[in-house]
Amino acid sequence: MGKPLGDKVMTAREAVERFVSDGAMIGMGGQSIGRCSVALAHEIVRQGRKDLILVGCNLALSMDVMVGAGLVKRTECGTGNLERFGTAFRWRKAIEEGRLEIEDYSHLAMASRFLAGSLGLPFMPTKSMLGTDLLAKRRPRANGNAFEIIENPWDPEEPVVLMPACTPDVSIVHVQKADEMGNLIIEGFTTHELEMIKASRTVVASCEKLISSDDVRRYPDRTTIPYIFVDAVVEQPWGAYPTSVYKHYEHDEDHLRHYQSRAQSGGEPYDEYLQEFIYDCTTFDEFLTKVLPETRKNELRDSMLSVI
Amino acid sequence: MNQEEYTGEELMVVEAARYISDGDNVLVGTGLPMVAGLFAQKNHAPNMCYIVETGPIAPDVIPTPISVSDPRVMYRAVRHGSLLDALGGVLQRGLVDVAFLGGAQIDRFANVNSTVIGDYNNPKVRFPGSGGANDLASHARKILIIAPHEKRRFPDRCDYITSPGYLDGPEGRKRAGLSVAYPDIFVITDLAVMAIDKAQGVLSVVNLMPGVSIDQVGENTGFEPLVPSEVGSVEAPSERELHILRDEVDPGGAYLKRVV
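Top line first, the protein sequences correspond to chains A and B. Counting in our numbering, the first sequence runs from 3 upward without gaps. Counting in our numbering, the second sequence runs from 225 upward without gaps.
Keep in mind that the hints were calculated from the coordinates and are not lab data. Mixed in with the good hints there might be a few duds.
Quick list of in silico lysine-lysine cross-link-like pairs, PhoX-like style, CA-CA up to 25 Å [stated by the list, open to error]: (1) B:K266 x B:K422; (2) A:K95 x B:K348; (3) B:K366 x B:K398; (4) A:K179 x A:K211; (5) A:K139 x A:K75; (6) B:K422 x B:K398; (7) B:K398 x A:K139; (8) B:K481 x B:K375; (9) B:K348 x A:K139; (10) A:K292 x A:K211; (11) B:K481 x B:K398; (12) A:K75 x B:K348.
Bear in mind the structure is a predicted one, so any value in this text is a computation, not a measurement.
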């Protein structure tokens with residue numbers, strides 16, 4: 003069924019109420035400390051959606067918050083870290099304590115799984131992961147083997163790995179621009195998002211700036227994702243904070259370090275973080291008011307503008 | 225330069241960069257590999273094409289990015305692109321000459337573990353995981369691994385093979401079906417450079433860092449590396465190289481500590 007041309011603009015609360023359910027497989031946008039879907043992740047935590055399966059290539063801050071809040075059953079990804087800022091500590095702890103199911107892939111393998119989903123195909127071949135424990139130590143899935151190695155039908159000497167398609171129930175992404183139809187414009191790197199979005203049954207996108215559909219139609223070459231894939235648009239400036247948005251603002255090193263120190267210690271300090279910055283806020287704007295004064299906004303904006 | 229005038233990290237970065245040739249397509253993450261790539265570009269490989277896994281192709285990188293999502297790795301790129309473009313359309317396609325890896329464990333076959341210490345199903349320590357590393361090790365023609373030389377980091381076998389070296393011997397990759405069956409692999413540490421001996425599929429000490437003895441390498445390696453009858457020595461970084469590294473590549477000291 004096609005998605006209507008009508009107004010898809012709504013609040014984060016409404017979007018999560020309507021499109022994210024318990025047990026959902028969620029495709030996670032962004033990579034590392036760039037353009038993570040933090041506002042939508044906060045809202046999911048606030049609403050306490052549980053038994054979630056989080057999928058992506060690199061899963062970082064928004065994944066770690068959901069794992070830390072005890073809402074995640076499984077992750078399927080290539081990495082859980084924030085590069086220089088360290089491992090995703092709540093994720094790491096949950097794995098070490100056996101509280102989290104994991105499926106490890108290479109980044110290309112995950113992107114290939116999304117590619118299969120985006121093309122309506124059941125699987126995709128890759129030549130990555132051959133010979134390694136990413137295959138040998140992979141646990142079987144509920145519906146059979148987690149992968150198959152077949153011979154290239156045109157060259158029996160050549161083994162190829164088949165990976166099952168990954169089709170999230172819903173993807174959450176934060177982009178630079180969107181219109182009320184749900185057309186999305188992503189600027190800068192796009193990592194795995196193009197394939198993941200198109201492989202998803204539903205898509206909730208927050209954006210820095212809402213633009214007019216006339217503008218989209220005037221410059222159609224700039225549209226990254228057409229509206230037919232998108233279900234909800236949330237206008238949320240600073241919606242990736244404390245991660246960066248290309249052309250808008252840099253990551254906030256201070257807040258990332260603050261989160262990482264709480265996440266690394268766990269226990270009460272971490273619970274306090276969740277309480278103060280997520281549960282005690284009714285919206286993401288309330289969180290921003292607490293942590294991001296105008297002076298800091300200007301610094302992060304200027305810092306971005308100085309390197310583009 | 226005398227040994228007191230540069231750090232072990234600076235030495236590793238300068239040496240690693242020497243394995244990059246002008247015109248190479250180089251896939252780079254962050255950390256010391258990024259520093260080595262940028263150094264090569266500024267020092268001797270101006271036509272090197274810098275490729276980032278998040279998508280950017282051939283940026284004029286602004287010092288000093290700290291992430292593959294950093295705007296500094298997108299500056300003046302010819303295309304921003306996607307992860308599938310970079311790791312699929314360029315790397316798996318067979319267009320990457322040199323790729324960098326790091327890891328918690330590197331074994332005698334140059335396999336790399338960046339996933340777990342202990343049992344995978346009952347981990348002692350969990351690390352971030354493969355990321356693009358497995359893809360790089362599977363498809364690049366030359367693999368450079370930068371790592372501090374510690375005994376526990378160089379076990380006989382990795383607890384978990386995240387990224388393929390020669391797997392279990394000279395024909396290991398061929399048997400597994402990897403497209404690049406016999407890549408060059410160099411492990412650059414603060415004590416030595418080890419390279420894959422293609423006849424035996426295991427690491428061999430080819431060069432010693434200035435002032436380091438072969439015994440020191442043996443004492444700090446958990447396996448017995450091959451030692452050829454003649455082992456070379458790594459040339460210390462020149463004043464010019466250190467100037468480029470410190471003043472142009474990492475002026476803020478984001479990655480490289482200075483000599484105190």
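If you test the structure against every hint from before, which numbers come out violated?
Of the numbered hints, 1 and 11 do not hold.
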